[in-house]
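Those sequence lines, one after another, are chains A and B. Per our numbering, the first sequence starts with residue 4, numbered consecutively. Per our numbering, the second sequence starts with residue 4, numbered consecutively.
FYI, nobody ran anything at the bench for these hints, they're computed from the structure. A hint or two may mislead.
A pair holds if it fits inside one copy or across any two, identical chains being indistinguishable in the list.
In silico lysine to any residue, SDA-like type, Cα no more than 25 Å apart, as pairs [what the hints assert, rightly or not]:
1) K278 with Y187
2) K208 with E277
3) K65 with S252
4) K278 with A107
Number of protein chains: 2
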Amino acid sequence: MSLISVGTMAFDSIETPFGKAEKIIGGSATYIAYSAVNFVTPVKQISIIGYDFPEEEMEELKKRGVWLDGVQRVPDKKSFFWSGRYHADMNSRDTLVTELNVLADFDPSIPENYQGTEFLMLGNLHPKIQLNVIQELKQRPKLIAMDTMNYWMETAMSELKITLRYVDALIINDAEARQLTGLYSLVKAAQAIFRMGPKYLVIKKGEHGALLFHENEVFFAPALPLEEVFDPTGAGDTFAGGFMGYLASTDDISFENMKRAIIAGSALASFCVEKFGPTRLKEISREDIDARITEFKNLVNFEIELN
Amino acid sequence: MSLISVGTMAFDSIETPFGKAEKIIGGSATYIAYSAVNFVTPVKQISIIGYDFPEEEMEELKKRGVWLDGVQRVPDKKSFFWSGRYHADMNSRDTLVTELNVLADFDPSIPENYQGTEFLMLGNLHPKIQLNVIQELKQRPKLIAMDTMNYWMETAMSELKITLRYVDALIINDAEARQLTGLYSLVKAAQAIFRMGPKYLVIKKGEHGALLFHENEVFFAPALPLEEVFDPTGAGDTFAGGFMGYLASTDDISFENMKRAIIAGSALASFCVEKFGPTRLKEISREDIDARITEFKNLVNFEIELN
């Protein structure tokens, strides 16, 4: 099986209480790809970059099994750029600069060798672009997952609601689930989101873990208690990449297997936050990931005799 | 084995987005007792009440195995009264009224038939009163746990730090752990709290579950995702009562058994929030609790094959 990853490949400048990183590699599709290749290859990338996106990064991705046929390079424009500053709690941040650059013209087209791919991860983008990708696929993937954000709920809610009808799994954070539905209870928000289209809902709660909802079932994966969260940028995309990469590698979309995929995604995300940008994701081996999954198991495992 | 429970027995007036409850039964020791008796009896209560605390409530507690020899009734004063209003998120609240009444004179003395008790739960009170109780026990309990709050950190930090030297387990929420240590990372806060005296730290995170720290080990118990949290009042005390009641009933303070106790406490707390005051705690059976513990197991249980 294989996975299509759609999203940005970009530069970020990040300030955290631990330091600053200027113009480092970022973008949702970048994190998704670096995460997913730990479980499945090829990951077929769809994105747009400017003249300034480094060729070495493209080589690095290729080496790891990422196809780049669907990454369009615009020779006379810069790559998408985002700059943000995290607050002391690392859960909230201020956006300092957003330069769309090439992203303003992003109209993804699907290379012929991407057709027939079974798993599709739509990173956070305008919901119209996300829908376009779905509609350009000649064969519907086995599982379509998408991320989105509050910005699209405020500026493109009607387009977002249309796109939601076509996806199987929505992966958002708790504040976004509440904003999308107007409901505070996440259990009720899940039921409301199921009525919008998705059959699966993953709610990311950052340091508080993640919830998976499907019909009347629910699964909870904790976040690993870490000494320090160094840089949360990309953790959500890394989670999504690990989740979809694991599902694609096992070709099993049962609820039981989705639980495993949530743990796989959580393990990857726990590495991501240890260093600036995707740095840490490039260092880890499958053994590191397995060791971390074992830590998750130990964190929540208990045996109790009932009467 | 048995358990001493120390704290308030009081009246609360509560406003939540779901309604109002005027002058209902409350108090930390009330919740601790109603919760703990599901696992262990007797629960030996130490508290102070005024002329207005209803005799029927005393009978109800007695019927369930709560000893009341240590509950002092002051005939010419009112019971402690607290009134608060919860915000829409149910995680934060404003205190509207605090009337100390009898609590101003609380100087607990230990009845002779309480001596030799193996487990001690010190509900949230002035740390000097908590220390007095410890010092009046002729034989040190096997496990001493205490709750406290931000108010004592602001007004009696030096007394609090002295009391902490004498307890085995501290049970507080995440904001309190951060305030007590000045550290944002809960992993680092745990290590700092161990240096203050306690060997076990339970951090309650409300709807985000609870963490148990001991030496370099950590265990995480989720909160059950609920459709509605009706009234969170007393949930923390109910958790503590279930935790200590379970430990006392099993007479096992290994880390493995503490994990089970955390789950038991979480299960009881998940009932507490379903109705105003301790109402729901009076309705449930051991079968209800076991069914809920099974829900917790299913919520976090996953099986994954590693390479």
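Taking the hints in turn, this is what the structure says about them:
| no. | hint | verdict |
| --- | --- | --- |
| 1 | K278 with Y187 | between (33 Å within a copy, 18 Å between copies) |
| 2 | K208 with E277 | both (17 Å within a copy, 23 Å between copies) |
| 3 | K65 with S252 | within (18 Å within a copy, 59 Å between copies) |
| 4 | K278 with A107 | neither (30 Å within a copy, 52 Å between copies) |
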